[in-house]
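Enquirer: Note that the protein sequences, when read in sequence, are chains V and A. Residues 119 to 331 in my numbering are what the first sequence spells out, letter by letter. Residues 119 to 331 in my numbering are what the second sequence spells out, letter by letter.
Heads up, some of the hints might be wrong.
[Said to hold, decoys possible] Some chain V residues near chain A, calculated using beta-carbon distances under 10 Å:
1) H239
2) V243
3) A292
[Unchecked claim] What the simulated footprint calls covered on chain V by chain A, stretch by stretch (three residues with Cβ under 8 Å from a Cβ of chain A suffice, anywhere in the stretch; the number is not a length):
4) 124–137
5) 191–197
[What the hints assert, rightly or not] Listing some non-contacts, in silico: residues in chain V with all C-beta distances to chain A over 12 Å:
6) G157
7) D177
8) D182
9) A200
10) H209
11) T212
12) G229
13) G233
14) K234
15) N241
16) H249
17) H261
18) D264
19) P316
Quick caveat, the hints were computed from the structure, so don't treat them as lab data. Positions of the beta carbon are idealized from the N, C-alpha and C atoms, including for glycine.
2 protein chains.
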Amino acid sequence: MRIVFPLFDGFTALDLVGPYEILRMLPGAEIVLAGEGAGDAVRDGAGGLSLLATHARADVREADVLLVPGGPGARRDVDDPALLEWITAVHSTTRWTASVCTGALLLGAAGLLAGKTATTHWNAVRELESHGATYTPERVVAHPGDRLITGAGVSAGIDLAITLAARLASPAHAQAYQLALEYDPRPPYGAGSLATAPAEAKALLGVAEGSEA
Amino acid sequence: MRIVFPLFDGFTALDLVGPYEILRMLPGAEIVLAGEGAGDAVRDGAGGLSLLATHARADVREADVLLVPGGPGARRDVDDPALLEWITAVHSTTRWTASVCTGALLLGAAGLLAGKTATTHWNAVRELESHGATYTPERVVAHPGDRLITGAGVSAGIDLAITLAARLASPAHAQAYQLALEYDPRPPYGAGSLATAPAEAKALLGVAEGSEA
Numbered sequence: 119m120r121i122v123f124p125l126f127d128g129f130t131a132l133d134l135v136g137p138y139e140i141l142r143m144l145p146g147a148e149i150v151l152a153g154e155g156a157g158d159a160v161r162d163g164a165g166g167l168s169l170l171a172t173h174a175r176a177d178v179r180e181a182d183v184l185l186v187p188g189g190p191g192a193r194r195d196v197d198d199p200a201l202l203e204w205i206t207a208v209h210s211t212t213r214w215t216a217s218v219c220t221g222a223l224l225l226g227a228a229g230l231l232a233g234k235t236a237t238t239h240w241n242a243v244r245e246l247e248s249h250g251a252t253y254t255p256e257r258v259v260a261h262p263g264d265r266l267i268t269g270a271g272v273s274a275g276i277d278l279a280i281t282l283a284a285r286l287a288s289p290a291h292a293q294a295y296q297l298a299l300e301y302d303p304r305p306p307y308g309a310g311s312l313a314t315a316p317a318e319a320k321a322l323l324g325v326a327e328g329s330e331a
Numbered sequence: 119m120r121i122v123f124p125l126f127d128g129f130t131a132l133d134l135v136g137p138y139e140i141l142r143m144l145p146g147a148e149i150v151l152a153g154e155g156a157g158d159a160v161r162d163g164a165g166g167l168s169l170l171a172t173h174a175r176a177d178v179r180e181a182d183v184l185l186v187p188g189g190p191g192a193r194r195d196v197d198d199p200a201l202l203e204w205i206t207a208v209h210s211t212t213r214w215t216a217s218v219c220t221g222a223l224l225l226g227a228a229g230l231l232a233g234k235t236a237t238t239h240w241n242a243v244r245e246l247e248s249h250g251a252t253y254t255p256e257r258v259v260a261h262p263g264d265r266l267i268t269g270a271g272v273s274a275g276i277d278l279a280i281t282l283a284a285r286l287a288s289p290a291h292a293q294a295y296q297l298a299l300e301y302d303p304r305p306p307y308g309a310g311s312l313a314t315a316p317a318e319a320k321a322l323l324g325v326a327e328g329s330e331a
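Using the sequences plus the hints, can you model the full thing?
Expert: Right under this line is the structure:
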């Protein structure tokens, strides 16, 4: 089972590492981090860490699962035709093509989400809909017939990957992986969505009260 | 605000990257990934990815926050006196010293948890208690007077980091970071703890039904 993550400058690390920690446990999982060049150090959007690419994108033409992370680089790369063509080509070979956070903008820019419901980070709704998708404020949106699954912002990749593991292996496998990561979340606050975050927290992010996105 | 993560071969990536994505947003945050050598590529426990060390451990003597991840390498390195001495020395300078998952075993082996309550991954309870700590099945266990905070397995690092952000900045900052990561978890199953995971899932991990750890 070949799990491919594109690595681009400015990705959000948790968008990738959350799902990685679940999907790596799938039977026969092979992990591919596809950068411009094999061995490239690819810096995340916050600039605090770098992951090494295991493969060059040009050498990666097939995947069982293609998972596209978001980040500032995803917003930039909607204008990178080579990356979009690569996503489209690999998507044609997958069992599932997934995005986390603003990775959905890359699927959208590649034309894969036109006319479909999808989710993304709450601050990227208009950009997502500019690609012809309809934003749905759910944690995970799956279209099995189209082999497409999108997740909400950053931390939603863990929920998305458990959902995928249930479909690719079995619900018992997905539950085992959840237990292995002790994923029994206890957020200290109920501030994880625009609907629940207090005004003071939104103000710190520059979000006006009453804003939907 | 200097946030230091030791990087050792066989760390669990999500133990580090979950807290990283919260703590990097703290005002004035400087991120340090301290490996054997600066620029070293350090492979995770699953073997699927490598992070680059930003600094050599020998050059890192102070931290505002020291966060020790777990992983197979943490279990091995309880026998590495140089790493334990480094942890003890840096701990003497911190505002908070934290562990995620089996990172607690390194704090324990360094003698920091003797006589204290602490948490760790559910499969490391006996090892934790061998260092004189008392396992507490909570998501996060904080001892402000001792500047020590431990988190449960892997994914608990996100909850721990939000807890720390509230103490280091403010509850509003912590809530803003939670919103920025859209941390509004919706686990597809209630399988994230030994108490709630079904027998079939436990069996896949080799855990006998009725086992406490």
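Enquirer: Against each hint, give a clear statement of whether it holds in the structure.
Expert: Taking the hints in turn, this is what the structure says about them:
no., hint, verdict
1, H239, "6 Å, holds"
2, V243, "12 Å, violated"
3, A292, "7 Å, holds"
4, 124–137, "holds (count 5)"
5, 191–197, "violated (count 0)"
6, G157, "9 Å, violated"
7, D177, "17 Å, holds"
8, D182, "15 Å, holds"
9, A200, "24 Å, holds"
10, H209, "22 Å, holds"
11, T212, "18 Å, holds"
12, G229, "25 Å, holds"
13, G233, "25 Å, holds"
14, K234, "20 Å, holds"
15, N241, "9 Å, violated"
16, H249, "20 Å, holds"
17, H261, "17 Å, holds"
18, D264, "20 Å, holds"
19, P316, "6 Å, violated"
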